[in-house]
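J.: Chain residues, written in single-letter form:
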Amino acid sequence: MAKLIDRPASTDGAKPDQDFSTERQRWESASARGKQRKGPGSGAVDRTISDIPLKALYEPQDLENFDLARDLSYPGQYPFTRGIHPNMYRDRLWTMRQFAGFGNAKQTNERYHFLLAHGQHGLSVAFDMPTLMGYDSDAGQARGEVGKCGVAIDSLADMEQLFDGIDMADITTSMTINGPASIALAQYVAAAEKKGIPRKALGGTIQADILKEYIAQKEWIFPPRPHMRIIVDMMRFCRDEMPKWNTISISGYHIREAGSTAVQELAFTLADGFAYVEAGIKAGMDVDSFAPRLSYFFNSHIDFFEEICKFRAARRIYARHMREKYGAKDPRSWQLRFHTQTAGCSATAQQPENNIVRVAYEALAAVLGGTQSLHTNSMDEVLALPTEKSVEIALRTQQILAYETNVTNVVDPLGGSYFIESLTDEMEREAEQYFDQIEQYGGVIEAIEAGFFQREIADASYRYARSLETKDRIIVGVNHFQKEAEREIDLLRIGEDIERGQANAVQSVRESRDQAKVDATLARLKTACDDPNDNLMPHLIDCVNAYATEGEIVEAMVEVYGRYTERAVF
Amino acid sequence: MPRPLRIIVAKAGLDGHDRGAKVIARALRDAGMEVIYTGLFQTPEQIVQTAIQEDADGIGLSILSGAHMTLFPLVVEQLKAQGAGDIVFFGGGTIPPDDVAELKRLGVQEIFTPGAPLSEIIEFVKRECGARVA
Chain E
1 MAKLIDRPAS
11 TDGAKPDQDF
21 STERQRWESA
31 SARGKQRKGP
41 GSGAVDRTIS
51 DIPLKALYEP
61 QDLENFDLAR
71 DLSYPGQYPF
81 TRGIHPNMYR
91 DRLWTMRQFA
101 GFGNAKQTNE
111 RYHFLLAHGQ
121 HGLSVAFDMP
131 TLMGYDSDAG
141 QARGEVGKCG
151 VAIDSLADME
161 QLFDGIDMAD
171 ITTSMTINGP
181 ASIALAQYVA
191 AAEKKGIPRK
201 ALGGTIQADI
211 LKEYIAQKEW
221 IFPPRPHMRI
231 IVDMMRFCRD
241 EMPKWNTISI
251 SGYHIREAGS
261 TAVQELAFTL
271 ADGFAYVEAG
281 IKAGMDVDSF
291 APRLSYFFNS
301 HIDFFEEICK
311 FRAARRIYAR
321 HMREKYGAKD
331 PRSWQLRFHT
341 QTAGCSATAQ
351 QPENNIVRVA
361 YEALAAVLGG
371 TQSLHTNSMD
381 EVLALPTEKS
391 VEIALRTQQI
401 LAYETNVTNV
411 VDPLGGSYFI
421 ESLTDEMERE
431 AEQYFDQIEQ
441 YGGVIEAIEA
451 GFFQREIADA
461 SYRYARSLET
471 KDRIIVGVNH
481 FQKEAEREID
491 LLRIGEDIER
501 GQANAVQSVR
511 ESRDQAKVDA
521 TLARLKTACD
531 DPNDNLMPHL
541 IDCVNAYATE
551 GEIVEAMVEV
561 YGRYTERAVF
Chain H
1 MPRPLRIIVA
11 KAGLDGHDRG
21 AKVIARALRD
31 AGMEVIYTGL
41 FQTPEQIVQT
51 AIQEDADGIG
61 LSILSGAHMT
71 LFPLVVEQLK
81 AQGAGDIVFF
91 GGGTIPPDDV
101 AELKRLGVQE
111 IFTPGAPLSE
121 IIEFVKRECG
131 ARVA
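Top to bottom, those sequences are chains E and H. Following our numbering, the numbering of the first sequence begins with 1 at its first residue and continues without gaps. Following our numbering, the numbering of the second sequence begins with 1 at its first residue and continues without gaps.
So that you can see chain H by itself, here it is in the shape it has in the complex (with noise of 0.2 Å):
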């Protein structure tokens, strides 16, 4: 049996929202995965070395305050110059349709909106990170 998934939930920039970071952390916990919170106010190069440290096959980034077009590309630089892009990177929050679409094209996996069910990202996060596992 493969080990269990271990997955970063992250909370990034002055952003306190935690509300959403806190139910999916739970959700994914309560589906078998191993889940570190990062807590908040975390900066994209602590994020990475968290993931880095646990050994985690995933980070997801929470961000409502509207930073996201800095915060995410600075995850994914991050993940490249500390030689872990093969983190399943992905995130949630109150973000546009079209910046979803950049997002995607600048290497983030997946984004998440308000109201997306906690099966599709349990579904998601068990089908790219366990193809790390397997």
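Extracted from the complex, chain E is given alone in its bound form (with noise of 0.2 Å):
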């Protein structure tokens, strides 16, 4: 590199190695003598939005016991903090994938033709909150809920409506569904075999992490014992049948946004993603055969530096599980890949239009973290389901990001930072006592019973709203910078006509298919169900193959294995 400017190291011809101590002290007192501001906004300088300490200037001495090769090394190799590839953005942008289903299948396959015409990578299944439920759209428990947060899937044939014209062998496919996400899954493989798709060519990710439904989301249906072993038969079915599919994604978005901290969206995913690993384990597969199809999707909130660490420390943290706890010797296994979407709950309904601006900040947050990719939200999400125009503008952030700014030439730019470093290893170490609480309890799942989980995050989120109170911290718009008359935007609405009609398309494939075939292939699940020899998925296709309704399927199971009630704490 050339010289760029001419001159001495320093001005007083001091050696490199010195230690600034003259400097330091000159700082140290000059800091001391500065009056921190007052006013809204100014109770929380000293501290991240999850509460953890800050101080106002890191130097090397923070990094006393940091170790280059420990805990930074190259990107690309364990314990990959600065990211799983060796040249990140440089080789393959993120995947923009925008999360997207509203109405019924016609209307979300419009939705995905639009998407994928204006440069969207892959595709990402929203689904009504029935659907979510399992409860088809003519259930009582479904009444005023069909199509509003997604779109509503009752059967097979609204599966292969919602991919019409689509090439399932081409794209890639998320589906954001839990409780019953084997028959989801069961549902896309029998929608593409029967457009000859073969299950091997299907790539795509399906959530699938029941755990985090009773820490956060709370989308169950059964109790979490039977909803463990119906993961890891997704988990075999998979390693030997969909070798291109992502078995779960382990989900920290929804723990954040149920108002958890950063470090308890961190410590508690991860602890969903060891208690997977060790299911599977003990279950008989080898680690090594699984763990490389499992991924992670966290939230990106908007502060800005300790998302950025909190993405670099679960890089590390569970790399080094992976290798050191439970053994894996492919380095696959070791790489925590991840989805990133940018906090619903940072949005606001007052002024949305600043929601474009903040989910910049939370995209730039997950690039420098190193995401697999991003969904970045729609300024109107939180209002009602985004039109055309917001979800536009919300893909065109994330191409700015890419082919703009100029912060994809760079692995991990901020590694190094003093900052940075500190708060990556401070959030590791934060997560690894949440990891020994846990233990405590003996696991994930007796925690869930003991409702720690629960309660961590309600008095994480009531801490929150009582700053807001207190105008320790501001959101604009809402605490402050406020406007009298808000402008109206323009909504999109899910008519009542959708769900009487969405009601009659399942109600005329009850009436067209084969009952007895039906009945059939449901007695064979139950079965399967009481047999934890047998695995679950093969009956589940042959039953969707029959036009078995979700609803249906999710009955017969229910009979065998009960639903799961939650004791509520608040």
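Think of the hints as simulated: they come from the structure by calculation, not from any bench. Treat the hints loosely; a few may be bogus.
To be verified - One side only, chain H facing chain E, incomplete, derived with CB under 7 Å:
hint: 1; residue: Gly16
hint: 2; residue: Ala25
hint: 3; residue: Ala67
hint: 4; residue: Thr113
hint: 5; residue: Pro114
Ideal Cβ positions, reconstructed from N, Cα and C, are used throughout, including at glycine.
Quick one: dock chain against chain with the hints and give me the complex.
T.: Listed below in structure tokens is the structure:
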């Protein structure tokens, strides 16, 4: 590199290894004389949004115990603090994957065609609440909810419609569904096979992370133990028959949305991940045979540096545990691959256009943290499902980040920063403390049953709500800089006709199919539910191919497993 | 001295978003009220039954799933049907302004949207429900 400016290393000719002790003292006393700013938003300058203490300045002595080889190493190498690939975004940008689904399968299919035509790389299915909870659109529990938060998928007929005209071998699909994940996967496989695409050609991810449902999102069906058996069956099935499929997307996103801190998101998510790894090992699978297909899903919240450090810490913790504790030998088993979504809970209904800016910062944090794929929220998602216009802006936000800012040109550009490395270390340390606490309960399921996670999250979210109330923290447009008259923005509404139409559709599916075949496949499924040595997935595919509806399949399984009820704490 | 106010904080339908409901439950409890949280997935019938059994002064219903135009009116209907129309009924969630106006017209006393200060909600409950115990 050419010499930038021709002058001595320092003005007084000191050696490069001087200790800066004079400068340090000078700074320290000047810093002590400083007066902390007052007024709204000044009550939290000494901590992150998650209440991790912050100093005004980080310096070399903060990294005294830092070991470059042990803690940082190189990108693409253990412990992957700097990223899982040697050249990161120079070789390949992250996947821009916008989550979409609303109304019925036909409407959502049209949105998918729109997104693919505008340069999106993969699809991401949002299901409606009845589908997520295992109810058909004509069930009493579904009233008012059909097609509202996502697309209604009752039977294979809807899944076929959803991917109409889309080459399922060419795209990857992410499906955000947990309780009935095994059924949705069966429907996806069946829909593809009806088009002549073999299951082994299908690439994508299904969330299937049931543990975080009990912890945060609350979309469960069965009690934890049978749910874990279903997940192990899916892991085994995908290992053997769907080599390109990611079996579980272990999710911190919803834990954060439920009000957790960044450290809680980090620790609880990884604890869930380790619980799946342990379940797979316990079921007799070699860890390296299934671990490379596990992926993660994190939130990117508004505290910029804390988020970057969270992603870096997550990779390092995961690599260490996978290699040291679980004995994984394949480097792919050590790599934490993750999807990121910007924080829905950081978006505001007030002055919604401001969310465009929040999303851009959060997306930047995700990229500086080394994400593999990204969903940027639309500005109006806090009010309703996003309009086409706002979805386009959200996607353009990622494209500007990828193609204009040049932040993609250098791997882990913040690595080595005294602050970034200190905060990464601190988050790892605090996460390890949580692992110890969970261990004391006897594991994740026991801690769920004791209400541990739920309590920790409720405490954190109440602390945060209080800090807004006292204005120690500011949300622009909400508790400061409010505007009297809010301008109305266009909202996408899902009419009641969708509910009626979908209810009619599922009824006509029931009328037109071979009922004897449905009964037989459901009966075989129930027998398999009782037999831990059988795998449920082939039976589920049979049920789906017979056009048994999701609600019917769930009911059959509930007869064996029962339904989970939570002891509610606040 | 009047007895403490007794408030039901409720979640209905299939909506699992309980962050806001729990924060409100705690804030009302910290403000000296007795709070009963129903837990998730209650039907409008169950919510009103709970309120009657607990002799509640108010029901606060939280909905973030988009089903508010169905579930709020069903609770209003149940309050009337079960002869409990004097219980103060309010709610919160991600509810667009037009829907807020319509729900108020249908008999929901107040709707708080995201960002509403806790102090405002506490004041509302004290004022409206307080009339019952005065």
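J.: Give a verdict on every hint.
T.: Tested hints:
1. Gly16: 3 Å, holds
2. Ala25: This hint holds: H:Ala25 lies near chain E, its Cβ roughly 4 Å from the closest one there, short of 7 Å.
3. Ala67: 4 Å, holds
4. Thr113: 6 Å, holds
5. Pro114: 5 Å, holds
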